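S.K.: Just so you know, the sequences run in chain order A, B, C and D.
FYI, the numbering for the first sequence is 1 to 400, going by UniProt numbering.
FYI, the numbering for the second sequence is 1 to 400, going by UniProt numbering.
FYI, the numbering for the third sequence is 1 to 400, going by UniProt numbering.
FYI, the numbering for the fourth sequence is 1 to 400, going by UniProt numbering.
Think of the hints as simulated: they come from the structure by calculation, not from any bench.
All values reported here derive from a predicted model rather than from experimental measurement.
Among the hints, erroneous ones may be present.
Copies of the same chain look alike in the list, so a pair counts if it works inside one copy or between any two.
The calculated EDC-like cross-link candidates involving lysine to aspartate or glutamate, where the alpha carbons are at most 20 Å apart (straight line), are [claimed, not checked]:
{"hint": "1", "residue 1": "Lys134", "residue 2": "Glu186"}
{"hint": "2", "residue 1": "Lys33", "residue 2": "Asp52"}
{"hint": "3", "residue 1": "Lys222", "residue 2": "Glu168"}
{"hint": "4", "residue 1": "Lys134", "residue 2": "Glu172"}
{"hint": "5", "residue 1": "Lys87", "residue 2": "Glu109"}
{"hint": "6", "residue 1": "Lys336", "residue 2": "Glu82"}
{"hint": "7", "residue 1": "Lys336", "residue 2": "Asp111"}
{"hint": "8", "residue 1": "Lys33", "residue 2": "Asp367"}
{"hint": "9", "residue 1": "Lys147", "residue 2": "Glu132"}
{"hint": "10", "residue 1": "Lys87", "residue 2": "Glu322"}
{"hint": "11", "residue 1": "Lys171", "residue 2": "Glu130"}
{"hint": "12", "residue 1": "Lys171", "residue 2": "Glu313"}
{"hint": "13", "residue 1": "Lys286", "residue 2": "Glu109"}
Number of protein chains: 4
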Amino acid sequence: MAPIGLLSQGILERLDAGELVIGDGGFVFALEKRGYVKAGPWTPEAAIEHPDAVRQLHREFLRAGSNVMQTFTFYASDDKLENRGNKLTFTGAQINEAACDLAREVANEGDALVAGGVSQTPSYLSCKSEREVKAIFKKQMDVFIKKNVDFLIAEYFEHVEEATWAVEVLKETGKPVAVTLCIGPEGDMHGVPPAECAVRLVNAGAQIVGVNCHFDPLTCVKTVKMMKEGVEKARLKAHYMVQPLAYHTPDCSCQGFIDLPEFPFSLEPRILTRWDMHKYAREAYKAGIRYIGGCCGFEPYHIRAVAEELGPERGFLPAASEKHGAWGAGLGMHTKPWVRARARQDYWENLKPASGRPLCPSMSAPDHWGVTKGHTDLMQQKEATSQDQLKQLFNRSSSH
Amino acid sequence: MAPIGLLSQGILERLDAGELVIGDGGFVFALEKRGYVKAGPWTPEAAIEHPDAVRQLHREFLRAGSNVMQTFTFYASDDKLENRGNKLTFTGAQINEAACDLAREVANEGDALVAGGVSQTPSYLSCKSEREVKAIFKKQMDVFIKKNVDFLIAEYFEHVEEATWAVEVLKETGKPVAVTLCIGPEGDMHGVPPAECAVRLVNAGAQIVGVNCHFDPLTCVKTVKMMKEGVEKARLKAHYMVQPLAYHTPDCSCQGFIDLPEFPFSLEPRILTRWDMHKYAREAYKAGIRYIGGCCGFEPYHIRAVAEELGPERGFLPAASEKHGAWGAGLGMHTKPWVRARARQDYWENLKPASGRPLCPSMSAPDHWGVTKGHTDLMQQKEATSQDQLKQLFNRSSSH
Amino acid sequence: MAPIGLLSQGILERLDAGELVIGDGGFVFALEKRGYVKAGPWTPEAAIEHPDAVRQLHREFLRAGSNVMQTFTFYASDDKLENRGNKLTFTGAQINEAACDLAREVANEGDALVAGGVSQTPSYLSCKSEREVKAIFKKQMDVFIKKNVDFLIAEYFEHVEEATWAVEVLKETGKPVAVTLCIGPEGDMHGVPPAECAVRLVNAGAQIVGVNCHFDPLTCVKTVKMMKEGVEKARLKAHYMVQPLAYHTPDCSCQGFIDLPEFPFSLEPRILTRWDMHKYAREAYKAGIRYIGGCCGFEPYHIRAVAEELGPERGFLPAASEKHGAWGAGLGMHTKPWVRARARQDYWENLKPASGRPLCPSMSAPDHWGVTKGHTDLMQQKEATSQDQLKQLFNRSSSH
Amino acid sequence: MAPIGLLSQGILERLDAGELVIGDGGFVFALEKRGYVKAGPWTPEAAIEHPDAVRQLHREFLRAGSNVMQTFTFYASDDKLENRGNKLTFTGAQINEAACDLAREVANEGDALVAGGVSQTPSYLSCKSEREVKAIFKKQMDVFIKKNVDFLIAEYFEHVEEATWAVEVLKETGKPVAVTLCIGPEGDMHGVPPAECAVRLVNAGAQIVGVNCHFDPLTCVKTVKMMKEGVEKARLKAHYMVQPLAYHTPDCSCQGFIDLPEFPFSLEPRILTRWDMHKYAREAYKAGIRYIGGCCGFEPYHIRAVAEELGPERGFLPAASEKHGAWGAGLGMHTKPWVRARARQDYWENLKPASGRPLCPSMSAPDHWGVTKGHTDLMQQKEATSQDQLKQLFNRSSSH
């Protein structure tokens, strides 16, 4: 099913050639629902404890159209694994190795690349030095080099400063480096705007920049557009990627869905439909983003929808589309005539789905405890300012 | 992990002894999202095509607390497999056999029973004779006997008449027989009230009766209560089971979620949270129902929530609770202090989750094309009457 | 503008001749918003204190199409005027007289009849005897006879028993008697169903029966239909009237909007549009109700909408329609082209108006303190039962 | 009830002395609901046709706490009176005279000032010259001088250019001049930001500047704050006023509620409660605004709520508060105990009122036909830009 021409090409060759690259979805949320990840610490020990479950999820994303198998190594740094009472009997290295093996095994079943992933560290938030933080990333690199991943992703950084440090470490491996911040249009937690964040990351050596997590697809696409404008204005060159939430977050402020009262156990009403994903994929493509994937909340069918929307551009459909049919075409085989009548694009495109929850509102007032502590005094300053802005925003957009 | 005392006991022994039996969730919806089932025909050929995917889902439910592995044989009758242009290269027998093997393999990994499942047939709806319809069920029984399942479930029947025929066929195997209709408080599609349906099914030989699918948990519990009252009033004896949707359906009429405009591809905003499942499990238990499971929309974490709510009654927690913690206790290890502050029962119990969809309503106006054609003229009569009732109901409960 | 033929005909002559009679709207809520009535006691001393304000409201309803000027004498019984710390310097007789004069003055400006109104008493609720309660109504009758009103309305009774006593007193005057309970389909506060209530009231001598207040228009129409069926089944004869709220109350239980958390100061989001009123008027007419008016929440434009919807049946439009135009036709003169594009029936009929309140839900959980104490032990019994029913209802229709 | 000290002081003396001035509410919407104004043309011929109705509304606002009786002369320019097929038999001068007499009559009953009002003209929109447009305002001034109003208000201008012309004409009378644009934070229809608009208007001679209509209270307060900052930055001096809608408009774009699909006949669900008005009054006061009133949607009880919230600052309550009681205190006299339990501030402050409309959303997608044509090409440019901004905004804040 995989197109011949793409085989054994690297991520940069693909992007340089104008190919679309489809990412996978978020493993920690998907595996939490399947029973293998604990919400709170969100650590990936399942790579060792339950390899079948992790392998199966990789396969589902591959089948849904993903070109990248990202190692299930989120928060797999030693400082995070022992953070706040999370007691694990595995070292970071053990988890990283097991995750690499699983990703490679499934990647080899198709045309996918393996991306080794690192993410922000508690060490940075507790004001450890640049040297100490970099040492953490370095340890993970040792595994990724040993396991020979195809490229690297530094993802889920709230502070561009830490992300820059990560890029500098990843860069030393010689592998292609992608980096995504978990920020929205208001910028990082120190108040650095998206455009400036992107410039700093490209200057640090990243070839692919973008955002992941924390906000819904259209907000993330908007943020990456701001990054792209910054990079182009600085006459730099980069590729762009986006891996958003699969949750609607119109009511979020600068820190994203973490602040929503529904995080993380009552987000169900916000889950995007597959049709929402069609819109997302199209908007991301129109914005010039060519690495398009997902994060928390994405299930395989969400990635499939992205792959189906971009089927014309890619020239083929994912394997899982054999069990779908464009825009609900499979409903043509349903027993009820009124369900058969829904086997058409305009029906699903225009539907405004009800929540079935008449006692619940459509929007929430996010928690406003301010942003997580970090390195500098700028933080406190930013906090005060953003609180004011948020309040104004809130007063404007809310009603009661 | 499984409590010693239960091993090798049958379903009736367990229920007679007052044990709680936790069912699994709906496979067709869960596997559709994972890419292995086609919405519309909803047939279970994945049991042959993708056994790993089916096995993994069985394991997740087992780990979440399910005591029953139901064979993935929904709509696996020959007449359904070739219905409306669905072209399959497998016979019903082949699918049923593969599904039995998968269910048994995983059941043996824990303390679970295997239940062979049959469901309503297109033959009944197209007015085939009792003999013809029964022959279809008989073919499936041949496989279930050969594979020696532990008991049988006839599920998802809209007409009590067809369900009765199924029970009569299943009964001949000598295995325990459970039967669930997909009806609400208004009764079956011929207008037979739940109480009368239950009496007929018990008289036909079913030892366990109840409802599955089509309505949300509290509506299903209410319907089973009506069945129980009917059985008790008739001085009969039965056990009760309930396997509802994991979707809120306050706006449904007699035919359930099939009529909702969101069926089946935009139901996301209606998905129950794990906390909704706690309420469901408690209500079902208080109603005297002892076989408590799920149907479409249930993911493993929903079943885990049922098992956690009923932990005190069962005396143990499911394996998957090692990755959970009661009422969000795992959040105590989160990095953000305001998320840590949510690690408590009253927070999640009282939260009214927002949809994040300000342009969407809370309720839908269901399609009212009338019920699916069936055997008798009563149908048309019922149709007219129920339309009127629905309209009144709708006028009452809607607003605009 | 008034059709010649109707002049000087009485209420019964009109109804017997098959004429439509349009009532007015609720004075206490309208005058509360204008600053002349105090929410809580809801007493009508403004008839003396601010006659201009009361006269103006009468005129607006007359102009909107009302055929009846109901005296502003709600809760104007002596026992109510001094209830719970409400200190008034006027006697009930004084208020009743002033109100009669105002109603007559405006009625004479058009083709309207004057209806003297009485309502339920605190004396009944505090278990005074039939004799005592009747004496209160009798005092009001003395004024109405002296002022020679055209007919009498006993309205806003929660208990059919007290309403029956009122009808018996009113009947003695020889004037035509109308009576409305403030009940819904579940019946009065002692649990007497609408059909039986209606039969008792007709047997007590009422020529016109129906409901007012407490529920939204379609719920009230449904209740009057139940009354009508009861009366017809008993082979009695009556005319029917309905004067509902102008608030959507899909979430109310047996005691109506009093139980809603929004009562009485945050009901704004529930106010019916004029287009909702068109539907109401049509449904009421189709149900065979010929006295169609309004209660709390009705403003003059709501009554005008009723009169416009029933314009074809009445053969003329109300005076106030000179400032309207059917279905928004006046918008054809608006400066903005997209507003001019809304000057059409299907636009307004199909619009689902947004609340502009994203943090607010669509439905409320009503207070369930049980019904107000009354005469008998049946009450307590009813209370328990209805609480159970409500809970079931609530569980069914709510979702969270 | 009126405080002695204020008597016979002019508007500027009051504001210079730091007094609070409370405006009235919008007459055209209030009188449309009472049956005297036609939606579409929105012209004020009722001043002649139905003086009792207009006088009564003036009295209600006076009683609610208004210090200003604004002449009912909205859209009373000759070019508007004959616009788009609106056929009136009165001249603008006749209407303006009648309106002045009514306002003065009621103002004299209390401590109120009379403000002569002019508003934007169709002549400006159809590109008439400055001379022609000014001539229209001049004609109205002749009446206001003859009738000796206390001060002048130019209100409801979408273009600061036309407003400036109006101020220049009004200024020539020697009367104090207030001016309000119907704009939001995005500025006027040519894209001039609020700060710059305010500076231009002050430079043209206005002593009081602000906004009215088109947006909800908090949005209007925010806009006036932007104006104030602009004036202060320019080292000019002015007083500030705000007269917003009584409708929630979180979903509006630059042209305000005109674009909402609910305008003007289905805005009911958006009506502010009295408690929303408390928040508004406090926010306006905190922003340094001292002339605080209302526009479309305001009923007398809304103005009373403003006057009650600012009672401590003013030192007295309005006359109409004799029929209210702070924060629902009057409910202490209600017959139902659970309603009596609501006689407290925190109950009403925290209530999130339900709409009772489960089939309706909380937000609307406004019409985006672009802004009304005006004088310059800037318009088209602005239109394109703002459409893009809106789209982005919409994508961000909406969800589906």
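S.K.: Against each hint, give a clear statement of whether it holds in the structure.
M.R.: Hints versus structure:
Proximity of Lys134 and Glu186 under a CA criterion of 20 Å is satisfied in neither setting, with 27 Å inside one chain copy and 45 Å between copies. Proximity of Lys33 and Asp52 under a CA criterion of 20 Å is satisfied in both settings, with 15 Å inside one chain copy and 18 Å between copies. Taking the shortest Cα distances, Lys222 and Glu168 never come within 20 Å of each other, neither inside one copy (26 Å) nor across copies (44 Å). For the homomeric pair Lys134 and Glu172, the shortest alpha-carbon distance inside one copy (12 Å) is at most 20 Å, but the shortest distance between copies (70 Å) is not.
In this homomeric assembly, Lys87 and Glu109 never come within 20 Å of each other (Cα to Cα): the closest approach is 34 Å inside a single copy and 27 Å across copies. For the homomeric pair Lys336 and Glu82, the shortest alpha-carbon distance between copies (16 Å) is at most 20 Å, but the shortest distance inside one copy (54 Å) is not. In this homomeric assembly, Lys336 and Asp111 never come within 20 Å of each other (Cα to Cα): the closest approach is 39 Å inside a single copy and 38 Å across copies. In this assembly of identical chains, the alpha carbons of Lys33 and Asp367 never lie at most 20 Å apart, being 24 Å within a copy and 32 Å across copies at closest.
Taking the shortest alpha-carbon separations for Lys147 and Glu132, neither the intra-copy value of 24 Å nor the inter-copy value of 60 Å comes in at or below 20 Å. In this homomeric assembly, Lys87 and Glu322 come within 20 Å of each other (Cα to Cα) only across copies, at 12 Å, whereas the closest approach inside a single copy is 43 Å. When the C-alpha separation of Lys171 and Glu130 is checked against a cutoff of 20 Å, the pair qualifies only within one copy, where the shortest distance is 16 Å, while the shortest distance between copies is 65 Å. For the homomeric pair Lys171 and Glu313, neither the shortest alpha-carbon distance inside one copy (31 Å) nor that between copies (56 Å) is at most 20 Å.
Proximity of Lys286 to Glu109 under the C-alpha cut-off of 20 Å is found in neither arrangement, the shortest distances being 31 Å within a copy and 49 Å between copies.
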